[in-house]
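Residue numbers (our numbering), protein chains in the order written: chain A, 4 to 295; chain B, -18 to 424.
If you're looking for bench data, these hints aren't it; they were derived computationally from the structure. Because the structure is a prediction, the values reported are computed rather than measured. Ideal Cβ positions, reconstructed from N, Cα and C, are used throughout, including at glycine.
Computed list of lysine-lysine pairs in BS3-like fashion (alpha-carbon distance at most 30 Å, straight line): (1) B:Lys299 with B:Lys165; (2) B:Lys303 with A:Lys117; (3) B:Lys400 with A:Lys117; (4) B:Lys79 with B:Lys215.
Okay, the calculated bits of chain A under chain B, using three or more residues with CB under 8 Å as the criterion: (5) 139 to 148; (6) 216 to 228; (7) 251 to 260.
Not everything, but these chain B residues come out facing chain A in the computed CB check (under 10 Å): (8) Leu36; (9) Gly38; (10) Ala41; (11) Ile183; (12) Thr213; (13) Ser219; (14) Trp221; (15) Leu225; (16) Ala226; (17) Lys227; (18) Tyr242; (19) Gln248; (20) Gly278.
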Amino acid sequence: MDVFIQIIATGATLGAMYALASVGLALIWGTLGMFNMAHGLFMTIGAYGSYSAVAYLGLPVYIGLPAGFVVGGLTGCITHLLIVKFMVGTRNFGTNIMVATAGVAIVLEDLILKGFGAYPFRQPVSLTGGFRVGNVVVTYQSLVIVAVAAALIAMTAFLLLKTKLGRAIRATAMNLDAARLMGVRTERTYLQVLAIAGALAGAAGVLISSLATLSPQMGGDPMLKAFVICVVAGLGHVGGTGLAAVSLGLIEAAVQYFLGVRFGFPVMLGLVILFLVWRPNGLFGKKVVVRL
Amino acid sequence: MSDRKEPRGTVPTNRRNFLKAAGAGVGSAAVLAGLNGSATAASGEPIPIGCPAPLTGIVAADGIEFRRGLELAAEEINELGGILGRPVELHFVDTESKGDDVVIQAAQRLVDRQNVHALITGYNLETGTALFDVVADASIIAMHANTVAIHDETVKSEPDRLWGTFQIDPPEIFYGVGFLDFVKDIEAKGQFERPNNKIAIITGPGTYSVNIANAMRDNAANYGLEVSLYETVKVPISEWGPTLAKLRADPPAIIAVTHFYPQDQAQFMLQFANDPTNSLVYMQYGASLAAFRDVAGEATEGVVYATVIGALQDEIGKAFSKKYIARYGANSSPNSGGQTYQALHSYAVAAALAGGSGAPYEEEQNKAVANRLKNLIYRGPMGTYRCVPDTLSAYCYPSQTNDPSLGMPHIFSQVQDHKSDGVLIAPVPYDVASFKTPGWMKS
Chain A
4 MDVFIQIIAT
14 GATLGAMYAL
24 ASVGLALIWG
34 TLGMFNMAHG
44 LFMTIGAYGS
54 YSAVAYLGLP
64 VYIGLPAGFV
74 VGGLTGCITH
84 LLIVKFMVGT
94 RNFGTNIMVA
104 TAGVAIVLED
114 LILKGFGAYP
124 FRQPVSLTGG
134 FRVGNVVVTY
144 QSLVIVAVAA
154 ALIAMTAFLL
164 LKTKLGRAIR
174 ATAMNLDAAR
184 LMGVRTERTY
194 LQVLAIAGAL
204 AGAAGVLISS
214 LATLSPQMGG
224 DPMLKAFVIC
234 VVAGLGHVGG
244 TGLAAVSLGL
254 IEAAVQYFLG
264 VRFGFPVMLG
274 LVILFLVWRP
284 NGLFGKKVVV
294 RL
Chain B
-18 MSDRKEPRGT
-8 VPTNRRNFLK
2 AAGAGVGSAA
12 VLAGLNGSAT
22 AASGEPIPIG
32 CPAPLTGIVA
42 ADGIEFRRGL
52 ELAAEEINEL
62 GGILGRPVEL
72 HFVDTESKGD
82 DVVIQAAQRL
92 VDRQNVHALI
102 TGYNLETGTA
112 LFDVVADASI
122 IAMHANTVAI
132 HDETVKSEPD
142 RLWGTFQIDP
152 PEIFYGVGFL
162 DFVKDIEAKG
172 QFERPNNKIA
182 IITGPGTYSV
192 NIANAMRDNA
202 ANYGLEVSLY
212 ETVKVPISEW
222 GPTLAKLRAD
232 PPAIIAVTHF
242 YPQDQAQFML
252 QFANDPTNSL
262 VYMQYGASLA
272 AFRDVAGEAT
282 EGVVYATVIG
292 ALQDEIGKAF
302 SKKYIARYGA
312 NSSPNSGGQT
322 YQALHSYAVA
332 AALAGGSGAP
342 YEEEQNKAVA
352 NRLKNLIYRG
362 PMGTYRCVPD
372 TLSAYCYPSQ
382 TNDPSLGMPH
392 IFSQVQDHKS
402 DGVLIAPVPY
412 DVASFKTPGW
422 MKS
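With the hints as extra help, turn the sequences into a complete structure.
Written as C-alpha cells, this is what we have:
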C-alpha cells in the first residue's frame, strides 16, 4: 500500500508539472499550427520572474507564482508582437516559425545568462515539510504543484469552453477563414493564445524550479517531455494533453520504483513509440487536426 | 634600486605586490618572484592561457568557479611580474556542460585562434580523454581535474605522445575504498555506530560516479557491509521520491550518493529531510560547493562529503579561501575555484623554471615545461601537487603515500553549519574537527 501511495504521490507531481508545461504548447499548436520552440524558455523566464519578484523586489513569497504567470504571459505577448504577427499566414509558416522561435529561445537564454549568470539559484517560491499518508510522507510542495496545475488547467478549460474568448479561439482553430467571416478578430485571438500559453508556461516554470533549481537551461528537459506528451495526446488536443501528461507521470514513477530510476524516461519513450505505431495521430488526434 | 627596465605589459615586482600575491603560498610565490627578478624577458608579450570550462549548463556552478580561480591566480602572477616578465592572459571558451565533441572543439579553438601555450581547467563532462589529441597535436600543456582513471590508462598507453596532459589531482579510483576506510576510522574512534550493516549506493550514469560506486560495492563486504540498494539515476534528477521510498522501505546504515551535481544532491537532502532514515549520508564532491548549501539550507547539516582536490583549512588554505570569498562573495566556492587557481600557479612556476612557456608547436620548450611539471612538488591551498611519473596524475594521500607533504589529500568534510563551508574531519593532519552525528540520526 505504501508503495502505491508513493507512486501516486510522485506520479501526480511529475504529471502535474508535465501537464502544465504541455497544455500551452498544445494550445498554440491547436490554434496557430505553430510548434513553439521557445516554450521551454517561457518556462525559464517565468521561473526567473518569480525569483526576481521575491529575491530582488522583496515581494512576499505568495506573489511569486502570479509573478511568474504574468511574466510568462508578457513574454508570450512580446513574442507575438515582434515575431509571430509578421509570419502567421505566410508561406511555409509551420517550418519558418519553428526556426524563428528556436532563435528566440537562443536569444532569451543568452539574455538570462547575461542577467543572472549560470549559478543554480534556489526557487524561493516553495514550501518545506510534508504530511503522512500511511507511512509515506507527501510534501506540501507536491500538494501545491498538483493543486496549482489542476486549478490552472481547469481555468484554461473553462476559458476555452465557456467564454467568448474561448469560442473565438476555438473558432479560429477550427477554420480561420470562417472565423474571420464571422467577425472574429483572429490576430487578437493569436495574441491572446500566446499570452495564455506563455502564462501557463511561466507558472509551470515556477513549479518545476521549486523542485529543481533555476538555471538558464532549465526549460529544455520539460519542453522535450511536453513535446512527447503533446504527440501522444495528438498534437493540438488540450484536454488529451493533460490526461496524457498525468498518465505518463504515473507510468514514469512506477517504472522508476519497480525497474529503477534510470529506466523511467527510456521506458516512457518506448511506450510512446509503440503507442504511435498503433495510433499515429496520437490518443485523441485524427487525420485532420482536431483542436480542443 | 634596480635599473632593469620592466618589460612592456608587465607590472613591476616589488615587496607590496609580492605580499599581495602571497595567497598562493608564500613559498611558491617567492619561487616565482625570485625567478622573475632575475629574468630578462625578450618581450613582454602576454602568454595566452586557455580554459575550456562548463560556464553554462548543469555543472556551471563549478565552471564559474574555475574561471574565478584562474582570474585570481593570473592577477597574482601578473603582480609578481608574470612568467619571466610576460603577463598571463586568459581566454575562456564555454563547453556548456557538454561532452567530448564540444570540449574538443573548444580546446582546438583556443589553440587555433588564441595560440594558447597551455589549457588549464577544472573538469568537463567529457570522458576524460577529450584534450589528449588536441594537446598532443599542438605540442602544448594541459592541466585538468577530471579525476578519472582513464587519464592514467591513456597516458600510460602512449607516453611518448601524451607527455603534455596532466591531471592535477588523483583519479577517482581512490574514492570508493577511501570512503569505506573513513567509515571504519570513525567507527574505531567511537564517533559513529552503524545501526545495521547495510549500505545503499546511488550513482549517476557517468564513468566517474559509476567507478566510485562500483569500488564501494565491490569492497563493501570487506568492511562487513551488505549492499542493500544499488541505484543508477538519470541526471539531472530533481524528483527523488521513488529512490527515497526504497531507502525508507529498507533503511541502510549508510547512504552513499556518488552522483555529484550539487543541485541534485541538494534536492535529495531537501526531500530526505522530510522523513529521514537513521543513516549516515555521504555525498560525492558536489556537496563541497556553496550552491549545495545555498539550495538545501539546513537540510544539509550533517552531510559528509569528500574530494581529492578541495581547499584545506590550514594556514595556506584558509588564507586563500578568505581572499577568494572576499573577492567573489559568500556564495562562491574556494573548493572549486582553488583547482584552477593552484593549477595556474604551479604552471607558472614550472614554466618559469623551464625558461619560459612555449607557443603551439614549440615542442622542445613545452617539453621542458612538462618535465618541470613532472618533477615539481607544489604546495598550494588544495594540498601538495606531485605527479606520478608514468600517469601524469597527482599522488593521493593517504592512498598512495603516507607522507601528507607528498600527495594531494583525499579530504573528508562535514557540513556542520549550513551557513559556512563544511569542516574538514579527515585525514590527519589536515582535520580541524571531528565527525558529529547528524541531527536526523540522533532523533
